[in-house]
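Asks: The chain contents come next:
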Amino acid sequence: MTRRVLEVRGLAKTFTLHTIDGRTVVSLRGVDLDVAAGEHVALAGPSGAGKSSLLRCVHRTYLPDAGTVTLHREDGPVDLTALPDRALARLRARELGYVSQFLAAPPRTGPLELVAAAARRRGLDRDAATDAAAAALRRLALDEALWDVDCGVLSGGERQRVNLAAATVRPPRLLLLDEPVSALDPANRERALELIASLSGAGVAVLAVFHDADAMRALATRVVRLADGRITEEGTPAQVLGAAA
Amino acid sequence: MTLAATSGVDELLAGIDAATPPVGILDEGAKREIRRAVLTAVCVPGYQVPFGSREMPVARGWGSGGLQVTLAVIGTDDTVKVIDQGDDAGVNATNLRRLIAGSTGCAESADSREATVIQTRHRVPEQPLSDRHVLVLQVPVPEPLRGVQRSVAECARMHAEADYAAMWVSLYEDIVRNGVITKSTGYPVLVDGRYVMATTPIPRWDVPRLHQAEHLSLFGAGREKRIYAVPPHTDVRPLTFDDVPFEVEGADGPCVRCGSTDAFLVEAGPGRFACSDTEWCARVQEGDADLEAHHAAAPLALLPDPARRPARTSERAVEPREASQRAGRGGIDRAGAGPEWALLVEGIGKVHGPGGAAAVAGTGPEHGTAVSPATGAIVAAWDVGFDVAPGEAVGLIGESGSGKSTVLRCIVGDEAATAGRLFLADVDGGTTDVLTLDGPARRRLRISTLGIVHQDPSAGLAMNVTAGGNIAERLTAAGWRDYGAIRARAAQLLDRVEVPLSRMDDPVRTFSGGMRQRVQIAKALATDPSVLLLDEPTTGLDASVAAGVLDLLRGLLAERDVAAVVVSHDFAVIEALTDRSLVMQLGRVVEHGLTDQLFRDPHHPYTQRLVAAARR
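Chain order of the listed sequences is H and R. For the first sequence, position 23 (counting from the first letter as 1) is numbered 23 according to our numbering, and the numbering increases by one without interruption. For the second sequence, position 354 (counting from the first letter as 1) is numbered 354 according to our numbering, and the numbering increases by one without interruption.
Calculated directly from the structure, the hints in this document are not laboratory data. All figures in this text were calculated on a predicted structure; none of them were measured in a lab. C-beta atoms are modelled at their ideal positions from N, C-alpha and C, and glycine is treated no differently. Some hints here could point you the wrong way.
[Unchecked claim] Footprint (simulated), chain H over chain R, 3 or more residues, beta carbon under 8 Å:
#1 546–554
#2 578–592
#3 599–612
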């Protein structure tokens, strides 16, 4: 469990809003963070602390201004911030899983199609991808009647499950979770947490943002607290979050 | 008013009538020029040689071209025969024969065996010709492509590049509509494997007589000022698909006069037929004809046989099936040692107006203008570079006038780039700068390497041609010659783009905008190009139709190994189709990156404005 997967160093991100008189918003002020294989690191902190920005900078949905994001792979380390666009797109498709709060589904795509497409990007052929997608959706108990309806008409909880299924249809090397269970009812939340736990058990490195402390306590091997774009505290869930109420 | 006093016609004629020999109609200079054209025509079989057509004592369109050729090649020791529709005795034929004999001093005859120069309109004599014969054909319309292309310049280009796809499409459409090729007179032939030639209005029955002939055939078009030729022993093959037989005309009965069944027969009253060639008919009746030799030369094997024709589309449902015939890049191994990309664009630039590269200074986003302060030239695009790998889609986004379509047109070859280099993995493994190739080579790339989908379907489709015919155009250009395979491939593609097969044989102009765009996409993909260029593919369609086309494109790109370039002003289109994008403003790339990153974290002020505008 000591093999390093993610190594973040000096990560900084400032937004310049040219449409509002060039105003700047500082989001990250130099973050250092490691995640090992099978480790689950949860990011804690108030809204606006930079939790989601950190995930997005790692995924390069945000382009960081400074610092490095190194992914350790069998054939050596690779800095995601410096990777050419095409190589990054391929690496994302094969090795990264990213679950945002909101499902970013292409318009007029059904859950099965969406998850199967993700499986194909992971290298499965058409039939195997469809099978894997069905298994992933079934595991998260998404009603089969919804598998081919437009994702746009799904409820928030259904969308989150589709999103999670797409990111985990094949175990990624690194899984980035941004409030993946916030809209789920208790039973579905339990299933989702079980899935995430099982992935950690299978050696997936997880970097997650959860709104509720219970999920962090249940899943995280380590909790990192962020405030104003900096890491302020780091430790076991019990150390950082205190005992459960 | 009084008429001018004359002494009468006889007196006038007496003044002309002198004992001097006939002066002739063409002087030696004119004859030499025509002979030069004839020699050129003989050297390049089937090629239409322009010549300075003279005024003749017959109206243009009445054999003036044939007459000039005859007068230029005939000598006093020749014997001339003139046929008009197979008949020696018609007024026109008789007068032309007398004119030629009288003005040149040659002999005249109605017997093909005695004649050395035979001028003819609409027929080749039934009497087999030998190497002693020169056959001069009067031609009203020398251009075989006239029916499919009105522009003279474009016809010339098509001949120069042997680009005869439009001709093949017209044959395809003929079969679709009628079940057979109905084109009767002036059937198009391929001469010596190179030029498509019009056979003048001779019946199809006579076309095989030009193939590997013993005699020399010269074609003269006086009104259109063209001469062309088929030298002896030259291949003359009627254009037809591999699985559609070329047929000659058949008649339901023997000649009512001579009883022949192996000559070209024309209707002579209800249910009655007669030889078109009166000389032959008379000699058969007199027993003065070599029937055996004639029978051997008759195209009896080509008589109509419905069993050999392709089934009518109405009789045979076209099923989309995987066409076995593949043309184009069949053997290219994408995973081989070639470059990672399928398309590489390096520093492409286009300046409209004076100055070229020197006009670029002072333009671009930082100067807020695309107009050169030095020369007034418009810098439409400058220093644009990117590459696209197989299976990848790259977006070019920017508002109207930002230069993105200019870049695409430079890649296609519709515009000449002012600067930059362009490489395609399919062209010499990506080692040759495609911009250095000549026009014909660039155009050939569009057949099987570059697929293009224009914003306006009428720019990529022939609107009066059927949906299937439009796809056939690309396939025939790529060398497909099997009608059944072309039908099957077209049906398969149309089925994939969700155009109902019941509409396959309807002209595209009867289609809705969305359907036209689908047909255009099917056509662009017909030959499995390695690079697909999409120029505002959904712009101009209403929202629900645009959504359908967008979904189709997304599906097609996901299932193919094609490298796609998507040009759009609409972030939604770019986001749906591409992984990576370049943002263009005032001709320059101001930002590039992964499409989701550009959308969530745009850096350049212009990109931020575009993203803000896209959030509706």
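Asks: For the stretch 578–592 of chain R, count the residues whose Cβ lies under 8 Å from any Cβ of chain H; is that count three or more?
Replies: holds (count 3)
Asks: For the stretch 546–554 of chain R, does the count of residues with a C-beta closer than 8 Å to a C-beta of chain H reach 3?
Replies: That given contact holds, which follows from 4 residues of the stretch 546–554 of chain R lying within Cβ reach (below 8 Å) of chain H.
Asks: Do three or more residues from the stretch 599–612 of chain R put their C-beta atoms closer than 8 Å to C-beta atoms of chain H?
Replies: holds (count 8)
Of the hints listed earlier, there is not a single one the structure fails to meet.
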